[in-house]
Each structure stands twice: as structure tokens, then as C-alpha cells.
Amino acid sequence: MNSIVLIPLLPLLSAAVLILSTGKMPRTVASLMGAGSIGLSALCVALLASSFLADGEIRELTLWTWMSIGDFSPRIAFYIDGLTIVMMSVITGIGFLIHLYSIEFMWDDESLCRYFAYMNLFVAAMLLLVMADNLLLLYLGWEGVGLCSYLLVGFWYRDPDNGAAARKAFIVTRIGDTAMALGLFLLLTELGTLDIQPLMVAANTQWQTGDTLPVLATALLLGGAVGKSAQLPLHTWLPDAMAGPTPVSALIHAATMVTAGVYLIARTYGLFLLAPATLEAVAWIGLATLLIAAFAALAQNDIKRILAYSTISQIGYMFLALGVGAFASGIFHLVTHAFFKALLFLAAGAVIHCLHHEHNIFRMGGLRSRLPVVFASFVIGSAALAALPFTSGFYSKDAILLAAWSLQDIGPWLWAGGLLGALLTGIYSFRLVFIVFFGEARTEPDRQPGWKMAGPLILLCVLSIVGGWIALPLAGVFPAAESHPVNHSVEWISIGVPLLGLLLAYLMFLGGQISVDKLLSAPMARRLVDFWFSGWRFDQLYDLLWVKPYKAIAHWWRNEPVDALYNGIVAASQWGHRRLLILQNGELRWYATIMVLGLVLLLAVMLRNAP
Amino acid sequence: MDGLMVPMEHVLVVAGLLFTCGLFGLMLRRNIIFMLMSLEVMLNSAALAFVTAGAHWAQADGQVMFMLILTVAAAEVAVGLGLVLQIQRRFKTLDMDRANRLRG
Amino acid sequence: MIVVLFYIAAVIALAATVAALTRTNATHALIYLIVSLLAVAVMFFLMGAPFAAALEVVIYAGAIMVLFVFVIMMLNLGAAGEARERQWLAGRSWFVPGSMAALLLLEMLLVLGDAHGVTSGTAVSPKVVGMTLFGPYLLAVEIASMLLLSGLVGAYHLGRRFIVRRGDH
Amino acid sequence: MMLQLILLLLVAGVVAWQAERFSSTLPRWVTVVAVLLALLMLIANLGGIPAERFTLVSYPGEPQGWLMYSQHAWIPRFGISLEFGMDGLSLLLLLLTLGLGLVAVVSSWDEIEFKPGLFQANLLWTLAGVAGVFLALDLFLFFLFWEVMLIPMYLLIAIWGHEKRAYAAMKFFIFTQVSGLLMLLSIVVLAFQGAGEDGISFSYSDLLASAPTGRAGMLTMLGFFIAFTVKLPGFPFHTWLPDAHTQAPTAGSVLLAGILLKTGAYGLLRFCIPLFPEASMQFAPVAMGLGVLGIVYGAILAFAQSDFKRLVAYSSVSHMGFVLLGLYAWNSLALQGAIMQMVAHGVSTAALFMMAGALQHRLHTRDMFRMGGLWQQAPRMGACAMFFAVASLGLPGMGNFVAEFLVLAGLFAVSPWMTAAAALGLITAAVYSLWMMQQAFQGRPDNNREMADFGVREMSAMLVMMAVLLGLGLYPQPLFDLTQPVLEGLLPRMSEPMSALPRLLSEVSP
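So the protein sequences, as listed, match chains A, B, C and D. Mapped onto the working numbering, the consecutive letters of the first sequence carry residue numbers 1 to 611. Mapped onto the working numbering, the consecutive letters of the second sequence carry residue numbers 1001 to 1104. Mapped onto the working numbering, the consecutive letters of the third sequence carry residue numbers 2001 to 2169. Mapped onto the working numbering, the consecutive letters of the fourth sequence carry residue numbers 3001 to 3510.
Since the hints were made in silico from the structure, they are not lab data.
Label-pair distances were calculated between CB atoms; the ranges are:
(1) D:H3361 / A:A16: 22 to 32 Å
(2) D:D3367 / A:S369: 53 to 63 Å
(3) A:P198 / D:Y3069: 37 to 47 Å
(4) D:H3162 / C:A2140: 48 to 58 Å
Backbone N, C-alpha and C fix where the C-beta goes; we use that ideal spot for every residue, glycine too.
Full structure from sequences and hints, please.
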């Protein structure tokens, strides 16, 4: 049992030590500490997972009672079932690879120590998030990862743009988090507990499927999930969050944190099952997001932004899976996505690292022979992303599309949308590969990735390929999905569409059989691409709707409008003061005369009142 | 001594007239010496009223009050005349309209 | 006879007061004021308060007025002061004080309208006055003495510098 | 003990004042020693109380309910006595007061050059006044201490403040004084209204039994409410606070934000609501509305400021709105949240003001447009600022989160709409906190600027406060255990009128 405590504790402690060393620690020690603690933690997870796979027992561990007020007594406690094991493995496993990679990537940075402190804090918070036995502790991890995301996106704080991106990431997700907090209040008020398992039991006994309250509660939780997982309408922060170091994007903004929303919905699936309306909304949000993000990815030219939009799009698939009730498929896609997206980000990071921090894909090219390891990684990663057959992405995405197809009524629509997304994924992922690695070289790499970078890439390549064959221990977690007899033509279509995307990408960006320039020559198309490039103008819309009014109000009120009230009182008394001042002329005779006048009046009153 | 049979209100009217005169002087004169004199007249008129009342009720209190008024008048004149000297020194005048440093 | 004496004293008191307050020469005014005080002393005497009459003469007309005389002498007002006083007493400045005083007098007379009765003129002997003064009014006497003391200190403090300055020149 | 504790602080003030004659550094040592002595005295006396007394439910008005109780005759003619009582709530706030007193001394360790003795004396007298406010049970005595803490604070601002100190000090004084007079009026009305055969009494326990009801009750309650809300500060009585906080010397800001604001909340909890349950219930929707307005308004204005201290001051307005909400939601979750907020806000804001003071001491400006990139020159300061900024935006794991969560969770049972509106404060808090970090510590550094980082003295104060906040955030139970008996005693008193609250609120909300 103690090893369970060690899992989040090791990263937490190493983070604390790294912070308290205030940057005075030697690089080697700092990196050893940063990556080593995660490695140890991963080892513990591996041990735990093997024992779990052996006996399949759910492990619960209470450290202490957080607070206890009346009936409300959340604990600092862990609940570890198959889902948690899967998430923990992803976090520590991929986390360790990324940490290893970071040592080389960040070696020249003056704040290496701070970097590992934040990264380890992040891993600790993320582990708490997935291990939490109650929603309050989950919320702690939830906000903790948000903070670390903020810190790491704004890691290079000297550039104000990075600061702005970091703030945007934090504040936009905070909007979702606030909705989620309201959801927690609702659950606590109505069901009297926040412990996840009792909560689902209580919900099942107190609520009927389709009641208003579960719909409201899950809608609020969904708000949190949407914010954290960068889904519509709160997805705008993720592309900007690429301002952080690339390993950060790989760990936080691809593999782990952004999938926390998926985890949350999967974790509280019992509530969502009571609210079919919300579940349907989840599906539609997922579909809309995956399409919008895929179109946006098509038009980007910053290598990381392409990957960011593709992340949004892939999480859209996960939401689609959750929405159609295929929770296990959603989590499966989460895992495979973690593999291949981490791979892609790390490979992109290697490109950027070797190309003097160049981000624009049109200034790259021809890197196929110059950075062979990176090229191989990119191809494998893109294949998995596009869900080409026999890659990991293929198995998970296929499962989602089939689950969507099997749903009554809206199913085919969702399936068709998902299929369109798959086509677009094929196009944009291989557009990236073709432009960056083929054609003529525009920038020469000045170095080759070392073993600390290449090693994780190769390992992730392997995982991206074989990841589809891993059987996740989710059997006891979710209700068994009904197996529908699936039309084989549907399967063939979903195999064929990504290949079609690959073909189109080849024709457009490598073979040149379809001229992109000609396509773009129409003004309509140009405008459309600009529209996609700006991310469907969501940023401008929100700027107009929220940011500008907020700033305007703040600016308008800056000098305390309420003070006008008190200044009014002050002005009135000053006015009275000036009026009365003429009485105070300092002349003794005047005062005497006024006194006599008073006496006269007083006597007059007395005479009037006399009987 | 034999009694004096004057209607009390006559005495009080005299006192009132004296008081009014004093008040009138106070308001009229700008010279502080005259103002102090007016004050003396007013105090004196009050004393007269007290003594009259004492005589009317055949009580000693009236005369006691007179003595207290006397002390007040003495103290007042002592301080007041001291002030007169200071005012003359500072303002080079006895005009109270010009000694208006308390103006707001 | 005594009644007539009283009215004569009253008329003298009023006339002297009015004269005192309208003089331009401070010394003349002071003489009129002393006359007025003496007339009031006569009234006291007639009303059976011989001790009060004596005090009026000794302290008021004597001591207090002497203070005035001293101050007027020290200030040395002279003819220029007299001319200025005359100027200040020009016709217009009489209106407000006059009307105020007249109004007050009218009201006082109205208030007095209710009071009836005759002064008994019973003599209240100095002994009784003394007994009352040092009996029930003991506290008042103490307060009065404190007042006199503070008056003394105040007058000394205020007057001292003036005298010192004058001495310097 | 309680009287002695207050006297100790008062006398130590005089000693510190006179110590200035011997050395300019002696007064601050006097203050440190005096506050430590007071803490020792408190703890030593706590040791004498049996442990089970700490868990005993204490109903207000029963002398045996207090952990410590003492009464000495003072003005028996008017039923005024030196009546002191301490329960878990007072104890908690007293510990906060003394702890932040130390922080205040440390924060202006070598900042004061003009009359350091008098400065320390005023500091100690303020502490004495606050301690008296937290301990007094006689309402007249309470009012006395209410004024005692006001005047030295006025002097602290007026003498040692910054450029607009005269204006700020006067504004602070007038707001507090006028509202204090309203409270005095209410206290007198209360005392005379409850006058029985044995004459009038100002004692808390007597007045609890005889509070007026109806219209008179409402008016009397408002006297208390306004006095306490001005101090809290609640919207729209908060405008003295940004000026006072900004202009006060660092120690003054620390005391103001850390402790003086808490006297308002304490007054509401101890006096205003229990004395007038019925009127409070009727008034609760308005009070909660003011709380919500304060939260949102304070947060928006905090964002609009360019002055570091002013920003923190407005964040106080926003945070204290949660206290107002929690108090008037009146259930154990919300009340515990409000108390937690008092403590956590006291610590986090004190730290931020200390930060502001340190920045001003080093840069001679509070204008954030003239800062930027300070993290490079002073990473320790940056890390501390980051910690307290995220504490103030309510990050879980810190006391502030526990407080805000409990307040909102308790409030949700009473009014979901109010909760939703108040939750906006969570978002806006993030906006201004992060903006502050960006302006001051991130962005392009000015390489011509030389700035010393935190030294050992400042760093240790900061670390202690961080530890406290983390402790409150991760294991707040000791605090709840301390105040739970007090709340259990208070809750039933109001449970009947307050049970009508949700219905009342549903009538006024959409």
C-alpha cells in the first residue's frame, strides 16, 4: 500500500526540493532529480499495475480526513481501479519519457531547475487528479494541473506574449472549472457527498434517468471537462498554449492534462448515464469540435499549432465516444492518442530544437534525410494520428466510429461527421509530413538529437504502433457495451477514408497533381482558409464579447465610481460650509447682535406659547 | 427702615430699561471700552432685578446673587481690560470691527 | 417721600446710563456711569438692602471704575479718538441696534405684564445675607473666589507684557 | 488573563515609545518581545483548560460556555463591567492577531526612520485594541476597544503613510468613526430597551435575551451592520479601504488587511446576527446581494489598478465579500468557510502587502507599469508572489480555496443563483491575480535595475505564512474543531428564522 502513496509523493517531494533550492542546484542533479523521481514513480505504477492485473482488486487508501463539517467529510484518499491504473500508467510512463527528453531539450536553458520543479509538480497534481477518490480531491488535482499548465506555458516569462498565452490558458479553463465547482455544489447539496462511488450509487437511487437535476449536474461537470479538454466553446486557449516549451506541450497539452475532461466524464459516467440529454450534448460537442479543429489544422503553418488543433480534434473524438456511450473506447483513444501525440510533439520539438527554434513549416523541408530518426517518428506518429490501418490510432478511432454508427437515430450522422474528420486528419497530418520532410531544404539543422531525445522517440514509435493491441483493464469499470452486428461495408469505409486522406495529401502537397495554389486562387477559398487559419475567428469573437467589454468596464470604473456618492456628501457639506461661513465674520458686535436676535426670537416663542 | 411701597414691576421695568440700554450700547459702540461699560450696565441691571426679587420675598438670596454678580463683574473687568491693553498693542486700535481675526 | 426718592433715583440712573453710553469722550462716559451706579445704590438702599448699596458704591463705583480710569489713562485716547468715536456714532449705525433693543424691551415689558405685587421693602440685614452666603451658597462662594483668582491671573498675564513693552521704550 | 494580555500590549506600547530615547532599533525588539510574551501567555493559559472544554458546545450567553471568562466591576451605575470571554472563535482570531502582529513588525523592520518608537507603540496599541475587540463581552467595552484600535491606526497612516496619507487617514477615520457612532447608538438603544428592574446592562448575555424585534430591531440591527460592514468592508462602504491600504506604511497595511478587517466579520458573527436573528434573516438577501456585488466589483476594480497595493486592496474587497456571503448563508458549511476565509485571507493578503512593501522599499514605486520582469532579478520574491497570488485566486490546497469552497457550497443550499453569481469571483480573481504577476514579475526585465532579493528575515516570514496557508488548505480540521462548538451554540438560536431564508430568497431571485 505504501507504494501507492509514493506514486504522487515522489514527484511532489522532488518538486518541493527543486523549488526550495531556488535554482542553485547543479543541472545534472536537477535533471536527475526531475526525471528520476518520475521514473521511480513509474516503476511503482508498474508494480501496482502488475499486481492489479494479477488480482483485479480495487485498491482504496485513505491518508487522512481532509475536513469534516457535519455530514460533509471529504478525505484525502485514493481509489484505484482499472481506469486509474490506465491513467497512472500513461501519466508516469509517458511522463518519464518526456522528462528524459526534456533533459536534453532544456539543457541550455538557464532555468532548468524551475522547469523540472513545475513539471514534477504537474505530474503530482495529475496523479492526484486521477487517483482521487472524491471529487473535491479531484478538483484539487484539476486546478493544480491548471496552475502548472499556466506556469509552464509562461515558462519563458520574458516575452509578454507567452504570459498572455499562459493567462489565457488559465482563465479560459478557469471558466470551465467554475462551472464544475457549481456542479460539485449541486451534487453535494442534493446527494450529500462528493465521494465518487457513493455519489453514483446515491444518484442512481435518488434520481431517475432524464430528471432535470442530473442533467443540470452533468452539464455543469461537462463545463469543467470542456474547459480543461479544450472543447467547444472553450477550446481557444490550447493553440496559444503552444508558447511553452515543446515537451510541456507533449506532456500537458497532448498526453495528459487536456484529456482530464475525458477522464472526468468517464469517471462519473454513472451520472452521465442518468442524463441522456447531456450525453448527447457531449457527442455533439465532440463532433463539432473535431470538425472545426480539423479544418483549422488544415490551414495552420506553425508546426505546433497544427498539432495543437489536431489534439483538440482528437479529444473531440474522445468526447464523441463518451457521448455515444462507448466509454472504454474513449479511454482507449485517450491512451493511443497519448502515445502518438506525445510522439508527434516530441518529434516536432526535435525539429524545432535542431532548426534554431523555427516553427514555420514552410521554412522547413527536406528533413527526411537530415533527421532520419525524427522523420521516422513523424511518419509513424502521423500514421497513427490519421488512423492508417494497423497503427494504434486505427484501432481506437475505428472503435469510436463503429460505436457512433451503432447508436440509434443520431448515430449515422455522428458517424458521418467522424468520418469527415478522419479524412481531414489524414490530409492535415500528411500535409505536415510532406512539407516538413520532403521537398527542398530551406533551413539546415545544426545538430542531431542525442540519445536522450532519440530514445523516447523510438520507444514512443513502438508504442504508437503496438498500442492498439494493448488490452486495457477496463472491464470492471464501465458497463459492458452491447455488441452490435456491424455492417462490413461500414468497416471498410472507415478503413478507407484515412487512406483517401493520405492520398489527397500526397496529391496536393507532394505529387502536385492537385494544385493548392489553384484551389486558393478563388477569393472565396482564400477567405475560407484565412477563416480557418484564425481558428474560425473564435478569438476575435470572444475578444469582442468578453475581453473588450471587461476591460472597458474596468477602465471606466478604475477610479471608484462609488466614491462619487461620498464625494457628493463632501461637496454638499463644503457648499454648506461656504454658505455658513459668512456668519463667522469675526466681528464681536455682529455676534452680539445675532445673540440679541436669538433672544428676541426666543422670547417671542415663549410669549406665543404662554397661556 | 420702613418699607418701600413701589410696585415691583416698576422696579423691574427700570431694570429692563437699564439692561436694554446696556445691550443697545454693546451693539452700537465699536470702541471696546464702551462695550465693556455696556456690559457693566447690563450686569448691574441684572443685580437690580435680583435685589428687587430678594426684597419682594424678604429673602437674602437676592443679595447673595448680587454679590456673586459683583465678583463676576470684577473678574470680567479685570480680564476685559487686560484684553483691551493687548488689543491696543496688537491692532493699534480699539475698533472691534477690525479685530476680526476669528473670521472663517 | 421715599417712593418719590426712588423714582428720582430711577430717572437719574436711566438718564446717566444713556448719557454714559452715548458719550464720545471715554472719561466723561465713565463719570456718567459712576453716577448711574450711585443711583442704583440709592435704589438698593431704599429697597432695604443697605449692605448691597454699600458694596455697590465701594466695589462697583469705586474699585471697578477706577480700573477703567487707569486703563483709559494708559491708552491716552485724546481728541483724535473722540473725533473717531463721533464718526462711528453716525446716524445710520443706530438703526439695527436700536430696533433690536426696542424689540427686546417690548417683549420684556410684555413678559413683565403678568408680574404683580409690591416690593415689601423688608430690610434684609447683612447678617442674614452673610449667613446665607456662607451656608447654602458656600460652594458658589468658592466658585466665585476661584473666578476672581483666575481673573487675577488672567489680568496679570494679559497686562504684564503690555507694561513691560511700554517700559522698554 | 485576558485583561492582563491587553494591558501587556498597552504598556509595552508605552515602553516601546520611550525605548526610542536609547536606540532607534530597540523599539522593534520591544514589540517583538511583547507580542511573543503575549503569545506565550495565551498558550500557557490555554494549557490550564481541560481538553474536553474545547469540544463542549458553548451556547452564547452562558458564562460556563466560554473557555475563559472574567468579569470585573467598572461602572456599575450603568451596568458596565470589564467582562471578557474567550471561546474557540476568539482564540483563533487572537492567535491570528498576534501572529500577524509579528509579521507586521518584520515587514517594516528597517522601513521606519521617523520616530520608530512611536510607530511601534501605535502598532502595539492597535494590537491591544483588536485583542480587546475579540475578547470583550460587554458591549460598551467592545465599543471602547473598537475606538482604541481605530486611533493608533489613524496615526500609523497619517504619520508614516505615503504621499496622500492625510487624505487617506482622514477618510479611514471618518468612515470608521461615523459608522462607529451608529453602532454606539444601537448599543445604547439595545441597553435601554432591555432595561429591567435591576437597571440597564451592557452585557452580551443579558442583551441576547432582550433584543428588540420588528421595526426597532431592524433599525438597531442596521446600526451594527453598517459599522461592521464598513470595517469588513462590504460594498458600497468599501471606498476608504483602497486609499487607506495604499497609503498606509507596510506594517499598517498588514494589520489593516490582516486583522482589522476581521473585526468587522467577527462583529457580524458575534453580535449583529445573534442579537437580531429575525431582523438579520429579513435583511439577509440584501446582505448577500452586497456580498456578491462586493466580490465581483472588487475583482473588476482590482484588475483595473496599476498600483500594486491598490490592486491587493481591491482583492480584499472581493475576498471579504465571501465572508459576508458565508455569514448570512448561516449554515455550518458556510460559516466555517467564512471563518476560514477570515484566517486565510488575513495570511495571504498580509503576505501580499508585505510583498508590496518590499517592492516599494526597493524600487520606490508601487506602479506596476514601472516594474516588469522582476523574476529575473529576484526569483525568490517572484516565487513568493506567485504562491500568494495563486493562493488569493483560490487554488485548491491553500486555505483560501477551502474557505471559498465551503462558503459557496453552504450558500448553494440557500440560493443557487447567488452562488452562481458569486462564483464569477473565482474567474475574475484569476484575471487580476495573474495580471498582477504579469505586470510585476513577468515580462521583459529592465537590465539597468538593481534589486536585492528577499533576505533571510523576509524569506522566513514568507515561508511561515506559506506553511500556514498550505496547512489550512490540506488539513484545516483543527481550525474547524476549534470553532465548531461555537457555531453549534450559535446555529440553533437562528435556525428557526433562518430556515425561512431559502424561501425568502427564492421570492427575490428569478
